[in-house]
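One letter stands for each residue in the lines below.
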Amino acid sequence: MTSTDTSPKHADTVAKGLSPWQLALRRLARNKAATFSIYLLLAIIIVCIVGPAISPWELDAVDWDHIGAAPDLVSKHYFGTDANGRDLFVRTLQGGRISLMVGLLATAVSFIIGIAYGAIAGYAGGKTDALMMRFVDILYALPFMFFVILLTVYFGRSIWLIFIAIGAVEWLTMARIVRGQALSIKQRSFVEAAKVTGASHSAIIKRHIIPNTLGPVIVYATLTVPQVILFESFLSFLGLGVQEPMTSWGVLIAEGAAQMESAPWMLLFPAAFLAVTLFCLNFIGDGLRDALDPKDR
Amino acid sequence: MSQLLSINNLSVQFNTEGGLIKAVRGVSFAIQAGETVAIVGESGAGKSQVFHALMGLLPGNGKAQGEVDFFGQSILNQPARALNKIRGKDIGMIFQDPMTALNPYLRIGAQLVEVLMVHKQMSKREARKIAIDMLERVHIKQARQRIDSYPHELSGGMRQRVAIAMALLCQPRLIIADEPTTALDVTVQTEIIRLLKEIHDTLNTSMALITHDLPLVAGLCERVIVMYAGHIVETGSVDDIFYRAAHPYTQALLAATPSAALLNKARLDEPGDDKNQGKRRLQAIDGQPPDPLNLPAGCAFHPRCAYADKPCFSQEPDLQQLASGKQVACWHSLEQVQS
Ligand SMILES: Nc1ncnc2c1ncn2[C@@H]1O[C@H](COP(=O)(O)OP(=O)(O)O)[C@@H](O)[C@H]1O
Ligand SMILES: [Mg+2]
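Listed in order, the protein sequences are those of chains W and E.
The numbers in the working numbering rise by one with no breaks, and the one at position 43 of the first sequence is 43.
The numbers in the working numbering rise by one with no breaks, and the one at position 156 of the second sequence is 156.
If you're looking for bench data, these hints aren't it; they were derived computationally from the structure.
Keep in mind that a hint or two might mislead.
[Claimed, not checked] Straight-line alpha carbon distances no greater than 25 Å define the calculated DSS-like cross-link-like pairs of lysine-lysine that follow:
#	chain 1	residue 1	chain 2	residue 2
1	E	LYS63	E	LYS85
2	E	LYS197	E	LYS326
3	E	LYS129	E	LYS141
4	E	LYS89	W	LYS206
5	E	LYS197	W	LYS206
6	E	LYS85	E	LYS129
7	E	LYS89	E	LYS129
8	E	LYS63	W	LYS127
9	E	LYS85	E	LYS120
10	E	LYS89	E	LYS120
11	W	LYS206	E	LYS124
12	W	LYS206	E	LYS85
13	E	LYS197	E	LYS89
14	E	LYS124	E	LYS89
15	E	LYS22	E	LYS63
16	E	LYS85	E	LYS141
17	W	LYS127	E	LYS22
18	E	LYS197	E	LYS141
[Unchecked claim] Examples of chain E residues lying across from chain W (beta carbon under 8 Å, computed):
#	residue
19	ASN9
20	PHE95
21	GLU114
Virtual Cβ for every residue (Gly too), placed ideally from N, Cα, C.
Whenever a hint applies, use it, and build me the whole structure from the sequences.
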């Protein structure tokens, strides 16, 4: 900046601008349930990352002395062991890594694809829009379970397959939401104003359409993470999920459910982690929805 | 004066589920360099669509026909790529609602700088300097700090000033203002009009001012075009329209204008023979605006017109020269002239 301004006497200077994002973050910070959930979720993530290193047990190490044993601090099986004598503390946290990674990564991927696809369709409108959304409808109509089963039969079980399968379903809804938003946002006069100042289509989509669709999509994404985690659990429950000795909360819950009466801890710990995570994500999603409420802009 | 914009037989149609809407039906007029023109008419008369068509803003279901020349270049129905060389650079446009005219997620500086970077090969720094100058020009206080504000931190009037600054950045030859004051408080309205007048006086920019509040802009405009149901029904100098309105619709429109009471204030500088003053108290125009899907036969205004008779029911009158620079499309005004 050139400083030709020689009048430092401005007492009533203009306050430094806060962006709508910063304002939303402030509103979010005032939401106790959401803030608490964010910290709790962060704690769960950190425990899942560092926890297994604290335990002396390995993911697939069998403790022949403690098979199907209850939680016990002396043997350092904090959550007990499973029917094969493997440490449940390590397995629950390792499973959490997989579940959270699948949830966050698949959501992130579908977020990016969905936003790009939906924004282009909504902004283009007309025939392009109709064609692009028809394609989404067709993918929607495909029986995805069948698709996933076919893929696993063909390529074997793999974590990447789960990513692809889940991402492929989830971006469809994102694209629909963004497209609906884009349709209404392109009517707003700042888009017309950008057009009449000679902005290119791609600049309008990037600078004007996408930032304005982001609010509702972020909320939806937050609520998608639990959906994805549950979907992975469901696939694992059916035996289509991650491959042994790797595990996920879904796999552990499936195994635990089978031993529910004889060894309730096998179900209790992974189920509690999953439930708390899902609650946190839902509270965060609700908090974000309130914080990003467009009526406050 | 050289001709800046010439519109020839422009029509705009919309394909809707209910049928074909003829929003603009064969409109022709020109704007000279340095001239300010008001386009008035009730909501739905097709005022906005005339300019949306020439700026390439029609939605997918809209179609424009006719000829539009800007500075000797045909611009109607040109692809966005071609229009983007003119839009923002030679023609600036201001919209009605300042609350949605700026992107809430971008600092106003970013939105201003962007325009300059698109049209002039300019560094960010230079562009920012010009943007600050322009904000000062539209009387935004502390422009140097304000440029880093987000739109939600500005009042409606200030946002409209920013929008005007944005339209002015590249010093366009023509500014189109589509009801720039309709969404604002009355006091702010006159401030914005004063600003536009100041811009016109200092930069000699041509202006097309769309409004349904004629007295408000009377001090700013030289010529008035009155539209009804997609047609131009009357055009003339401001005085012609104010004091010698020939078309029954123009007369009714003036009588129904909210700020007609402010008229005297607006025109203090030249007290005219204001003999219709008493009639110009708020009174709604009788009847409904025409259904765009189902326009009446003959003169589109005839169902609401006190003078309507035979020719009005069956045949639409064309614009005819009444006096120099004054045209009207009404069977009755024509009779008066001919007899
Ligand atoms: N997107 C659209 N689809 C269908 N009809 C439209 C559309 N936009 C405008 N119209 C019609 O065009 C006519 C003129 O509109 P407009 O030029 O915006 O009026 P105004 O004189 O108030 O600016 C109206 O009758 C309106 O119904
Ligand atoms: Mg309009």
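These are the hints, each one checked on the structure:
1. LYS63(E) with LYS85(E): holds (22 Å)
2. LYS197(E) with LYS326(E): holds (24 Å)
3. LYS129(E) with LYS141(E): holds (15 Å)
4. LYS89(E) with LYS206(W): holds (22 Å)
5. LYS197(E) with LYS206(W): Violated. LYS197(E) to LYS206(W) sits at ~35 Å, over the 25 Å cutoff.
6. LYS85(E) with LYS129(E): Distance of about 23 Å is within 25 Å: holds.
7. LYS89(E) with LYS129(E): Roughly 18 Å between the alpha carbons, so the hint for LYS89(E) and LYS129(E) holds.
8. LYS63(E) with LYS127(W): holds (16 Å)
9. LYS85(E) with LYS120(E): Answer holds: LYS85(E) to LYS120(E) is near 11 Å, not above 25 Å.
10. LYS89(E) with LYS120(E): At roughly 9 Å apart (the allowed maximum being 25 Å), LYS120(E) and LYS89(E) satisfy the hint.
11. LYS206(W) with LYS124(E): holds (19 Å)
12. LYS206(W) with LYS85(E): The given pair, whose Cα atoms are some 20 Å apart, holds under the 25 Å limit.
13. LYS197(E) with LYS89(E): holds (20 Å)
14. LYS124(E) with LYS89(E): The given pair, whose Cα atoms are some 17 Å apart, holds under the 25 Å limit.
15. LYS22(E) with LYS63(E): With a Cα-Cα distance of about 10 Å, the restraint between LYS22(E) and LYS63(E) holds, given a limit of 25 Å.
16. LYS85(E) with LYS141(E): violated (31 Å)
17. LYS127(W) with LYS22(E): With Cα atoms ~23 Å apart, LYS127(W) and LYS22(E) stay inside 25 Å; holds.
18. LYS197(E) with LYS141(E): Within the cut-off at roughly 19 Å; holds.
19. ASN9: violated (24 Å)
20. PHE95: holds (4 Å)
21. GLU114: The hint holds - GLU114(E) has a Cβ within 8 Å of chain W, the shortest such distance being about 7 Å.
Checked against the numbered hints given earlier, this structure breaks hints 5, 16, 19; the rest are met.
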